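Construct the complete structure from the given sequences, taking the supplied hints into account.
Same order as they appear, the protein sequences are chains L and P.
Residue numbers for the first sequence follow my numbering, so the first one is 1 and each next one is one higher.
Residue numbers for the second sequence follow my numbering, so the first one is 1 and each next one is one higher.
Hints listed in this document are in silico derivations from the structure and should not be mistaken for laboratory results.
There may be inaccurate statements among the hints.
Subject to a maximum C-alpha distance of 25 Å in a straight line, what follows is the list of computed BS3-like cross-link-like pairs (lysine-lysine) [claimed, not checked]:
1. K18/L x K112/P
2. K18/L x K77/P
3. K214/P x K5/P
With the C-beta cut set under 8 Å, the calculated list includes, among others, these residues of chain L facing chain P [to be verified]:
4. V22
5. R26
6. R33
7. E98
8. L100
9. K102
10. G103
11. F108
12. R109
13. L111
Computed from a prediction, not measured in an experiment: that's the story for all the values here.
We put the CB at the ideal spot given by N, CA and C, even for glycine.
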Amino acid sequence: MTATTETRARMSFAHAAKDTAVITRRNLLRNIRLPQVLLFSTVQPVMFLLLFNYVFGGAIGQAIPPVAGGKYINWLVPGLLIQVAAFGAGQTAIGLTEDLDKGVIDRFRSLPMARSAVLAGRTFSDLIRNGFVITLMLTVGFLIGFRYQTSFIGMIGGMLVAMVFAYALSWVMATIGLLVKNPEAAQSAVFLPVFPLVFASSVFVPTQTMPDWLRTFADNQPITVTTNALRGLILGEGALLPGQTVAGQVALALAWALGILVIFAPLAVRVYRRAVG
Amino acid sequence: MAIVKVEKIVKTFGSVIALDGVSLEFEAGMIYGLLGPNGAGKTTLIRVLTTLLRPDSGRAWVAGVDVTADPTTARTKLGLAGQFAAVDDYQTGRENVEMVGRLYNLSRKEAKSRAAEVLERIDLEDAADRPVRTYSGGMRRRLDLAASMVGRPTVLFLDEPTTGVDPRSRMDIWSLIQDLVEAGTTILLTTQYLDEADQLAARVAVIDHGRLIKEGTPAELKETLGGAVVEVTVAEHNRERTIEALRRVAGEEPTFEAGSRKISIPAKDATLTLMEAVRALDAVDVHPGDLALRKPTLDDVFLSLTGHAAENKAVPNTPPGRGGSRRARSNQ
Numbered sequence: 001m002t003a004t005t006e007t008r009a010r011m012s013f014a015h016a017a018k019d020t021a022v023i024t025r026r027n028l029l030r031n032i033r034l035p036q037v038l039l040f041s042t043v044q045p046v047m048f049l050l051l052f053n054y055v056f057g058g059a060i061g062q063a064i065p066p067v068a069g070g071k072y073i074n075w076l077v078p079g080l081l082i083q084v085a086a087f088g089a090g091q092t093a094i095g096l097t098e099d100l101d102k103g104v105i106d107r108f109r110s111l112p113m114a115r116s117a118v119l120a121g122r123t124f125s126d127l128i129r130n131g132f133v134i135t136l137m138l139t140v141g142f143l144i145g146f147r148y149q150t151s152f153i154g155m156i157g158g159m160l161v162a163m164v165f166a167y168a169l170s171w172v173m174a175t176i177g178l179l180v181k182n183p184e185a186a187q188s189a190v191f192l193p194v195f196p197l198v199f200a201s202s203v204f205v206p207t208q209t210m211p212d213w214l215r216t217f218a219d220n221q222p223i224t225v226t227t228n229a230l231r232g233l234i235l236g237e238g239a240l241l242p243g244q245t246v247a248g249q250v251a252l253a254l255a256w257a258l259g260i261l262v263i264f265a266p267l268a269v270r271v272y273r274r275a276v277g
Numbered sequence: 001m002a003i004v005k006v007e008k009i010v011k012t013f014g015s016v017i018a019l020d021g022v023s024l025e026f027e028a029g030m031i032y033g034l035l036g037p038n039g040a041g042k043t044t045l046i047r048v049l050t051t052l053l054r055p056d057s058g059r060a061w062v063a064g065v066d067v068t069a070d071p072t073t074a075r076t077k078l079g080l081a082g083q084f085a086a087v088d089d090y091q092t093g094r095e096n097v098e099m100v101g102r103l104y105n106l107s108r109k110e111a112k113s114r115a116a117e118v119l120e121r122i123d124l125e126d127a128a129d130r131p132v133r134t135y136s137g138g139m140r141r142r143l144d145l146a147a148s149m150v151g152r153p154t155v156l157f158l159d160e161p162t163t164g165v166d167p168r169s170r171m172d173i174w175s176l177i178q179d180l181v182e183a184g185t186t187i188l189l190t191t192q193y194l195d196e197a198d199q200l201a202a203r204v205a206v207i208d209h210g211r212l213i214k215e216g217t218p219a220e221l222k223e224t225l226g227g228a229v230v231e232v233t234v235a236e237h238n239r240e241r242t243i244e245a246l247r248r249v250a251g252e253e254p255t256f257e258a259g260s261r262k263i264s265i266p267a268k269d270a271t272l273t274l275m276e277a278v279r280a281l282d283a284v285d286v287h288p289g290d291l292a293l294r295k296p297t298l299d300d301v302f303l304s305l306t307g308h309a310a311e312n313k314a315v316p317n318t319p320p321g322r323g324g325s326r327r328a329r330s331n332q
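Shown next, in the form of structure tokens:
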């Protein structure tokens with residue numbers, strides 16, 4: 001009895017994994033084959049990197065902690081990794097609403113495939129795409145002078161934290177997309193929470209010069225927490241506020257990601273069921 | 001045993017009753033037509049049968065499987081081609097079909113060979129390795145159909161398979177559907193085109209406002225009209241007089257179709273009724289532009305069953321239940 005239940009569970013897991021892989025591959029093909037999607041997800045972040053570095057770098061360079069080695073690019077790159085993760089997560093909402101709109105999700109739901117594969121495949125493919133964009137950003141960053149100040153391991157650790165954060169955000173965006181349902185509305189709906197969170201944070205500038213009320217918010221919101229964790233890993237403890245440790249910031253960032261996942265993954269599944277029923 | 005059985009299905013969306021206790025059943029190996037205007041409930045019924053939607057009450061079986069109690073098994077028995085071609089622009093035709101095959105749990109190898117088979121069947125093998133964004137509308141619909149067939153479903157559900165395609169592609173899709181049935185698939189198709197149901201379906205259910213109002217073979221449905229129809233077209237200023245004269249001949253209210261400006265009455269005695277009509281019109285000095293005795297179409301059936309015409313083909317955006325024409329009675 002137990003044996004057959006176990007076999008069935010293993011089979012259904014294999015089934016779900018296969019279906020998720022099929023959907024993930026399909027979603028990734030969209031990124032590779034549609035030139036406008038490829039352009040949007042690669043050129044735009046690189047443009048941000050170049051603009052911020054060369055336009056604001058000189059002015060902001062004075063205000064950043066010495067741990068950055070006097071180079072704004074060193075301060076900027078970890079922050080931008082989080083910025084692209086946040087903006088990139090918006091693609092989850094847009095992809096889902098497009099599939100809803102075109103009847104692709106109806107087709108999937110009429111097939112004997114694992115129910116979980118649509119959302120899992122969507123968030124996985126966005127995770128992979130985000131990993132690619134993060135790697136691209138680091139490469140371009142290196143070309144224009146970015147250097148990690150700790151160790152290679154530290155930098156890889158930073159990339160991983162950024163990807164975990166991006167994955168958690170994908171579920172927030174999935175929820176938003178499934179609530180608004182329509183691709184055009186999703187375009188603007190996803191930027192609504194992302195813009196203020198990205199700018200009222202330590203992504204571009206240290207928070208010290210912000211008014212008190214904003215600084216309190218900025219220092220404690222997930223984008224700043226995660227950005228600081230990345231800076232700790234890539235630049236060292238000097239990038240953090242007095243009293244913070246790298247391990248502590250990383251733990252806090254992962255806790256945020258986990259908290260977001262725990263709330264938004266089940267929520268997205270519920271909204272999905274409602275949106276398609 | 002019925003291959004599809006629907007028992008008192010009710011589905012409401014807020015205050016809108018989409019399905020109001022529909023029951024029907026049919027045997028394997030045929031094309032069953034679901035006929036009705038936009039908003040009649042056709043798509044809702046398809047969505048219930050393909051497990052996309054849970055009904056508020058009632059039960060339905062596809063290939064012996066209860067779709068609400070065991071949707072997972074039901075999905076292995078059915079194929080769905082929705083109202084819009086749900087194919088990916090950026091994949092090739094072959095990749096689209098293979099992907100659906102994989103999701104039907106075919107192995108990679110099976111999915112490949114099965115995709116090649118259906119692509120040949122729908123005559124898309126030459127275009128199979130091109131991205132779908134280069135396809136015409138008709139090709140997309142055919143590809144969508146191919147995808148719905150790849151898992152060898154027992155019952156295929158086609159929601160308005162020819163809506164929005166050009167006449168040429170429409171004929172292609174018709175002959176494809178006929179081939180499929182000859183090869184043993186059972187098909188439920190919805191349509192708002194009466195000629196489509198007439199051409200393809202062995203049996204037809206007419207639904208309107210979520211209710212089944214008539215069910216039978218196209219011939220049976222036409223018989224309810226009592227055979228042929230006398231159809232007259234006259235100048236506008238003669239319309240009233242013509243309707244009056246024909247009312248006396250038929251002993252009932254003639255039908256006036258505003259779109260085509262045709263006035264018609266049932267020809268109970270075929271040519272005799274026609275001659276009577278000619279005499280009656282001559283007596284009131286009306287000289288028709290056109291006068292004919294014709295076999296009834298499903299249009300006539302629809303008109304007489306529902307009191308309104310099916311979707312006016314010339315005005316595709318007419319709101320549900322408000323066809324472009326009305327019976328003469330409601331116009332006066």
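The hints, checked one at a time:
1. K18/L x K112/P: With a Cα-Cα distance of about 16 Å, the restraint between K18/L and K112/P holds, given a limit of 25 Å.
2. K18/L x K77/P: holds (20 Å)
3. K214/P x K5/P: Given pair K214/P, K5/P holds - Cα atoms ~16 Å apart, limit 25 Å.
4. V22: holds (5 Å)
5. R26: Interface hint status for R26/L: holds (6 Å vs cutoff 8 Å).
6. R33: Cβ of R33/L sits 4 Å from chain P, so the hint holds.
7. E98: With a minimum Cβ separation of about 10 Å from chain P (threshold 8 Å), the hint on E98/L is violated.
8. L100: Status violated, d = 11 Å.
9. K102: holds (6 Å)
10. G103: holds (4 Å)
11. F108: Cβ of F108/L sits 7 Å from chain P, so the hint holds.
12. R109: This interface hint holds because 6 Å falls under the 8 Å limit.
13. L111: holds (5 Å)
Violated hints, in rising order: 7 and 8; the structure is consistent with all others.
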